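**Student:** Listed here are the chains, written in short residue letters.
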Amino acid sequence: MFTAEYKQELDKITHKYEQKRAALLPLLHSVQEKEGLITPQTEQNLAEYLEVPVVHVHEVVSFYHLFHQKRIGKCHFSVCQTTACALRGAEEIIEHIQERLKIKPGETTSDGKFSFGIVECLGACELAPMMQCNKEYKGFLSKKKIDELIEDNS
Amino acid sequence: MEKIVTRHFGLGNSHRLESYLKDNGYQAARKALTQMTGLQVIDEVKKSNLRGLGGAGFPTGTKWSFIPQANPKPKYLVINGDEGEPGTFKDKYIFELDPHALLEGIIITCYAIGSHKAYIYIRGEYIKSLERVQAAVDEAYKANYLGKGIMGTGFDIDVVVHPGAGAYICGEETALLESLEGKKGFPRLKPPFPAVVGLFGCPTVINNVETIACVPPIINKGAEWYAKLGSEKNGGNRLFCVSGHVNKPGVYELPNGTTLREIIYEHAGGIPNGRKLKAVIPGGISAPILTPDQLDVKMDFDSLKSIGSMAGSGGIIVMDDTTDMVWAAMVAARFFAHESCGQCSPCREGSGWVYRNIKRLYHGHARPHDLKNLPGIVNNIGGNTICAFGDAVTMSVGSYVTKFRSEFEAKVNKEYAESHH
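Protein chains in written order, with my numbering: chain A, 27 to 180; chain B, 331 to 751.
Hints listed in this document are in silico derivations from the structure and should not be mistaken for laboratory results.
Incorrect hints may have been included.
According to the in silico footprint, chain B covers these stretches of chain A (three or more CB under 8 angstroms from chain B) [stated by the list, open to error]:
| # | segment |
| --- | --- |
| 1 | 50-64 |
| 2 | 79-90 |
| 3 | 111-125 |
| 4 | 166-176 |
Covered stretches of chain B (in silico footprint by chain A; criterion: 3 or more residues with CB under 8 angstroms from a CB of chain A, positions within the stretch not fixed) [said to hold, decoys possible]:
| # | segment |
| --- | --- |
| 5 | 491-500 |
| 6 | 572-586 |
| 7 | 660-666 |
As the structure is a prediction and not an experimental result, all values here were calculated from the model.
Where a beta carbon is used, it is the ideal one built from N, C-alpha and C, also for glycine.
Same shape as in the complex, but just chain A (with noise of 0.2 angstroms):
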């Protein structure tokens, strides 16, 4: 269960909406901000403080991409692979990215400080080829600047 501190924090974002189930996807937002996951508890306890079935709040959790339910590195790059980053070089970008941290697509470097995924379009064409890193998007992408990303996060 949260606590009443933590129900009060929530009710302000839910207090904007009509319904408020309809506030899911700005808590599920505001929950992985603060612990980095969505775990099966904090499915279980939003359940109880939206009144809805906890499978709801796995189907949504499960269904977008931006929703992680295993814990991801300090440094998470979403690498675009869709067409116009294709066209310049995405394919390269990515190998390079797998090379380098010797992890594949989904997985954490076993020190935690990494972690990557291909993502499809992020709406940043452009800066082709381009990824999000964290909150941030990188752009004009080449082994150099994924070279020096790396190497001012480890």
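On the provided structure of chain A, position chain B as indicated by the hints.
**Tutor:** Just chain B now, kept in the frame of chain A:
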């Protein structure tokens, strides 16, 4: 050329209220609320030939007129900012550089349709957009451009900024409504249409960000001025997003009806390294691909439709003559396979089937019947699903196979095919 939606982009702090007010900010909303009726606003927008700039091109004023005013339920305006159509990145600039233009458009639209609540749905990856728009909403509440009795009139309006969570399908308007209600993004069966049964079962208008940002200038300067800027049935300018093999990728505001050739070669700087253009997607990945002989097409909804493609979301992706079109088709098919929501079998199964088929062709592992079967699979997705995603798979992937047939045939590795018969 007169800029409309991008007119403030070069100004310092263009996202701040103070900056927006310097250029007659919120005067169009004041004019609408104090000098016009809702019906007059709708008529003005109808006359301007403003059409939905998210991709469908539906006449905006007509869409607003579908809201049943006699219905006693609350009415909602939902802004679709789930910008996810590959090749499209224009709404992000409006969110980041002129969020108050969007808010002013929202006020005018809500007034026109009799709504007192708007939701702005922004894709979850657009963190900066979410922050900028929320900051603009907070500023507008403080200055009484939003809230109770705005600008000294009796009109109340609330605006909520809602983050998506990474699902292309939520750009489909009924999937977006589901998502906004806290559910997974499964498109709804239509009818009923959202104008009658939309968000929380109430009458709802869903408009794209750029469309709504065009509304204040139309009210300020009049429908005739706006209609004259574009082509016959497609008024105004449009934000064209150009990416792929061009020297200057970016957003270009140009009149509807500008030729594709002018956009690519004059504005986006042409193709790098002296190469030639081989193919171009004119309106986001869902739009059928065009070949070099079609570059003189006028970029508006009707002209693109007449040559078998679509203006879509204004996302232009250019491919030079080094591009392997089977590979390009595979990339597109992979996108659709990844983003199919899974609700309808033809799309869920078909998009994966198409991707695996083209992948085998590309890698030289095609089975004897793969190329023969491909058109049949592709063509049986569209028209057999709840939403237009299935149609997009058929139109988009189908166009590569039809227009670059010889490249697909060249990929069939006869030896491999025969040995795996």
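**Student:** Each of the hints needs a verdict: does it hold here or not?
**Tutor:** Comparing the hints with the structure gives:
1. For the segment 50-64 of chain A, the assignment as covered by chain B holds, since 5 residues bring a beta-carbon within under 8 angstroms of that chain's beta-carbons and 3 suffice.
2. Interface restraint, the segment 79-90 of chain A with chain B: holds (5 residues with C-beta to C-beta distance below 8 angstroms; minimum three).
3. Check result for the segment 111-125 of chain A against chain B: holds, 3 residues qualifying (beta carbon to beta carbon below 8 angstroms, three or more required).
4. Given a C-beta distance limit of less than 8 angstroms, the hint that chain B covers the segment 166-176 of chain A is violated, as 0 residues qualify and 3 are needed.
5. Proximity of the segment 491-500 of chain B to chain A, defined as three or more residues with a beta carbon under 8 angstroms from a beta carbon of that chain, is established by the 7 residues found.
6. Coverage of a stretch by a chain is defined here by at least three residues with a beta carbon nearer than 8 angstroms to that chain's beta carbons; for the segment 572-586 of chain B and chain A the count is 7, and the condition holds.
7. Three residues within the 8 angstroms Cβ limit are the bar, and the segment 660-666 of chain B against chain A gives 4, so the coverage statement holds.
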